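**Student:** For reference, the chains in residue letters:
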Amino acid sequence: MSSSKTVTLFIQCLVDTIYPEVAQTMVQVFRRLGIGVTCPTDQTCCGQPAFNSGYRQSARVAAKHFIEVFADAEQIVCPSGSCVNMVRHHYASLFQNDSRWLQRAQNLAGRIYEFSEYLVDVLGVVDLGGRFDGKVTYHDSCHLLRGIGVQEQPRKLLRHVLGTELIEMHNSDYCCGFGGAFSVKYPDISNAMVSDKVKNIIDTGADAVVGCDMGCLMNIQGKLSRMGSSIKVMHIAQILAS
Amino acid sequence: MSKIATENYVAEARKAIKNRVLQEALADLQHRFGRATAESYRRLPEGPDLRLKAHDIRLQTIENLDIVLETLATNIRKNGGHVHFAEDRRSAVNYCLEVAHKHKVRQVVKGKSMVSEEIRLNEALVEAGIEVSETDLGEYIIQLAGETPSHIIAPAIHKTRNDIGSLFADKLDIPYDDDPPRLTWIARKALREKFLAADMGTSGCNIACAETGHITTVSNEGNIRMATTLPRVHIAIMGMERVAAGLEDHDILLRLLCRGAAAQHMATYVSYIGGPRSTGQIDGPQEFHLVILDNGRSRILADAEFREMLCCIRCAACLNVCPVYAKIGGHAYGYVYCGPVGAVVTPLLVGINRAKDLCQGETLCGACQDICPVNIDIPRMLLALRAKLAEGDSAWKVTPADRKEKFLLQVWSWVIRRRRLYDAALKLAAAGQKLFTHKDGVIRRLPPPMHGWTKGRDLRPLAKESFVQGWKKGIKIR
Amino acid sequence: MSTANQEEFINRIKMALGKPIATSQRDADLFKSAMSAETRAILERIKNRTPEERKNLLATLIEAAGPINLEVKSCEDLNSVSAGIVDLVRANDPEWGPKKSVAAWPHPLIENLGLPAALSQQDVNVFFTDLKETDAESIRRHVIDSYIGVTAADFCMADTATLVMRTRAGQARSVSLVPAIHVAVIELNQIIADLKELYALLKWDPQIKKEALTNCMTFISGPSKTADIEATMVHGAHGPREVHIFVVTAPD
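Protein chains in written order, with the working numbering: chain A, 1 to 242; chain B, 1 to 478; chain C, 1 to 252.
So that you can see chain A by itself, here it is in the shape it has in the complex:
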């Protein structure tokens, strides 16, 4: 299982600034697999927040910086499906009029992976030796599911976590209402959506909800916390490393 492989971490701004433990557990998992980890310390953001709000010029600046920072990385792994989707599917639209940057963006798109996708599809592992006693349910993040087509991989990984029982929630594939700036600009709608999501989580009787995107999980955790719920919210890296 061990190799002289090295992966490069793209940690996502939310993880970097609010949930560093998610990146720490990712590193733990790779170390368990005997895989080296590097982390470019100039990285900041892939540009998605600017892009989603329509500020393409600003997004382009962030994207160029991102492309530069990760220029030499052979395999980049990220704990967020939406960021990987941004790079794979939207960077091209930022560089339509610049063939040089377009080429660099397309090249980058072929080297970047979401964490669970990387473990299952690239490394071919499903059992990371994790353990969690209790029931878990899983939330399908929109850009992970529909953007990059990752659906089975996290479930495979969860089924191999010792002590857990995976229970599917009603409408696991429904948006949780985060949507980046949407959650702040359209708070009533966002709140209504996350309330539905949380109800579906609670209805499973699960002890924890797991996901692959801290945007969604931050949103869900915020709601559960406000409701005084003791349901744990975990990124898949955290449950795999446990």
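No lab work stands behind these hints: they were computed from the structure.
Predicted, not measured: the structure shown is a model, and the values here were computed from it.
Any given hint might turn out to be false.
[Said to hold, decoys possible] Below, a list of computed lysine to any residue pairs in the SDA-like style, where the Cα atoms sit at most 25 Å apart:
| # | chain 1 | residue 1 | chain 2 | residue 2 |
| --- | --- | --- | --- | --- |
| 1 | A | K185 | B | E7 |
| 2 | A | K185 | B | R460 |
| 3 | A | K199 | B | E12 |
| 4 | C | K32 | B | L421 |
[Unchecked claim] Chain C residues, not near chain B, derived (Cβ > 10 Å throughout):
| # | residue |
| --- | --- |
| 5 | I46 |
| 6 | L58 |
| 7 | V72 |
| 8 | K73 |
| 9 | A91 |
| 10 | S101 |
| 11 | Q121 |
| 12 | L177 |
| 13 | E230 |
| 14 | E242 |
C-beta: ideal position from N, C-alpha, C; glycine also.
Following the hints, position chains B and C against chain A.
**Tutor:** Below, chains B and C alone, put in the same frame as chain A:
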């Protein structure tokens, strides 16, 4: 009956969220139709990728719309029908009024048609002293109630059987009843009189066939057949994009339309109508008119970024899976076209600045594209609309919606390239947040503009040290 | 009156598409002028359909009919069709008013049923929608007063249990629409598989394409229905509340 109220998105959304009846009705609708439609695509003999082929067929038609529409008009006229090309709603309405006047029309029965709402045909007919009866059961209910539809296919979804029972008792002067079959029978009886007495029937058009010179109407109730068979005049109104070139295209498009609209393999009635009754025929209208409407569509056509939106066949599948629509209902969109399709079409028709909440008030989750029978990339177009709102656009006459935000993003883009500045900003924010963080380490209230988050949710504060900072220090991982 | 309108309208589209106003380009693919190999195969398949295959189509039709509340009955001959209709008349009451009356197409298949004689026992009138006999107004009134409408059909698509009816002199549209019960009588060999076969025949079969769609072609898949009230399915909205298809199976 469609005035533009796109500015009320947030207020109407709030109302809808508090309306428990509506919430249950929408959740039920999505539970039934959303999943069933997806399943019906999986079961197609060609598999769900048939949608991609349908997309190509639609796009090819749109990109040759000049030829296709000329062919359609020529063939409709060969079949004995009249064709009027209406640049805008005024032209369409005036034509309909002229026809009604010429035939001394006093009563009209209407088949369901979004485009007739778009041109506010009812209003114009009523003003001219003509009685108009909606005949689709949902539209009939809405008309009696004096409201606007909240869903493209199920317009009265927001009403309970009790609501409808009371409404019928009040407006039709009959004893109260709230059993759906009996309510339906009451409407059947009331509308039968209208069908038999009407001078003119109007309809929309689902997908016309240029090659043969026919429009099609697709329904389950039979009201459109009644409205287009019994009265002596029939006017069909179509958005100019609602046409297929050839008959064989209909195989794919009709199968997908029925699945998208109601997860059916085939709707109860599909009528190909290509002209008035011919010699020796007993029924059918004496005159058939087709009104082809532009009303802003050519502008959409001219923009390669938005042209794809004209591929839409108005099945409303996207409404049946959209998590935002499920919360806010149809009225929040403030125009004829609601749901994901409305979020793109409405700004393009009524004004992007005016309808900015429709462009920005979604999460881009992508469920709409997945369920669309012709695979229209609605999220891509929402992003394009947001780009225009952010930076302005001369072709579409868009002014930047939020200059403060624009400036902030410019500052952001300056900081984002410089990790040290980024770290400094983080330090500032970490210090500032102490004002808002409770003893238990949770933020419960944030100041504007972030206060929306904490209205209903808590927030984890920024970590003491970012991961990158920790990494730089070489912190050992246990 | 509309030609100026039309020209302006179409020109606006051409400009939007970036096409020159002066010429109009032909896109050969748009209006398929040549039969594809697939279509040829479809027409061959229909032409060479065996009795066994036809029986299978009937089975498919019956299976598709179930979920949409459509009654399909296979009958060996016209006598048993006639008997079936007599039973329907006996078992059902008119929706509006007390008098039982049946409207029917003057079509060979229907005329050979001998309905007037068969129903005279119950004192039920059968009215043929034939302009040679009376005027359109009178026919219309009779159809409105009838509670059962009897028609033939052009085809029946098995996979969706859909009757395909074109419009001709004497074959009034309202007979399958206004009365509460619609009865259609078809022969086994009128059953085709699906939409693909239908459109292939309409466009490419030398005989059928002469008439093509006619000015009104209607697909009917079972009785009318609605789910507009609380998404509850109700059968019988504005169109017929019941549909019965009698399939006459030719002897082997």
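**Student:** Each hint: holds or not?
**Tutor:** Here's how the hints hold up against the structure:
1. A:K185 - B:E7: It holds: about 15 Å lies between the C-alpha atoms, which stays within 25 Å.
2. A:K185 - B:R460: 19 Å, holds
3. A:K199 - B:E12: With Cα atoms ~24 Å apart, K199 (chain A) and E12 (chain B) stay inside 25 Å; holds.
4. C:K32 - B:L421: Between K32 (chain C) and L421 (chain B) the Cα gap is close to 63 Å, so the pair fails against 25 Å, i.e. violated.
5. I46: 15 Å, holds
6. L58: Correct as stated: the minimum Cβ-Cβ distance to chain B is 18 Å, above 10 Å.
7. V72: Label holds. Min Cβ-Cβ 15 Å, cutoff 10 Å.
8. K73: About 20 Å separates K73 (chain C) from the closest Cβ of chain B, which puts it past 10 Å; holds.
9. A91: The assertion about A91 (chain C) holds, with a minimum of 20 Å to chain B.
10. S101: 16 Å, holds
11. Q121: Non-interface label stands for Q121 (chain C): nearest chain B Cβ at 28 Å, farther than 10 Å.
12. L177: L177 (chain C) not clear of chain B: closest Cβ-Cβ about 5 Å, inside 10 Å.
13. E230: It is violated; E230 (chain C) is separated from chain B by about 5 Å at its closest Cβ, not greater than 10 Å.
14. E242: 13 Å, holds
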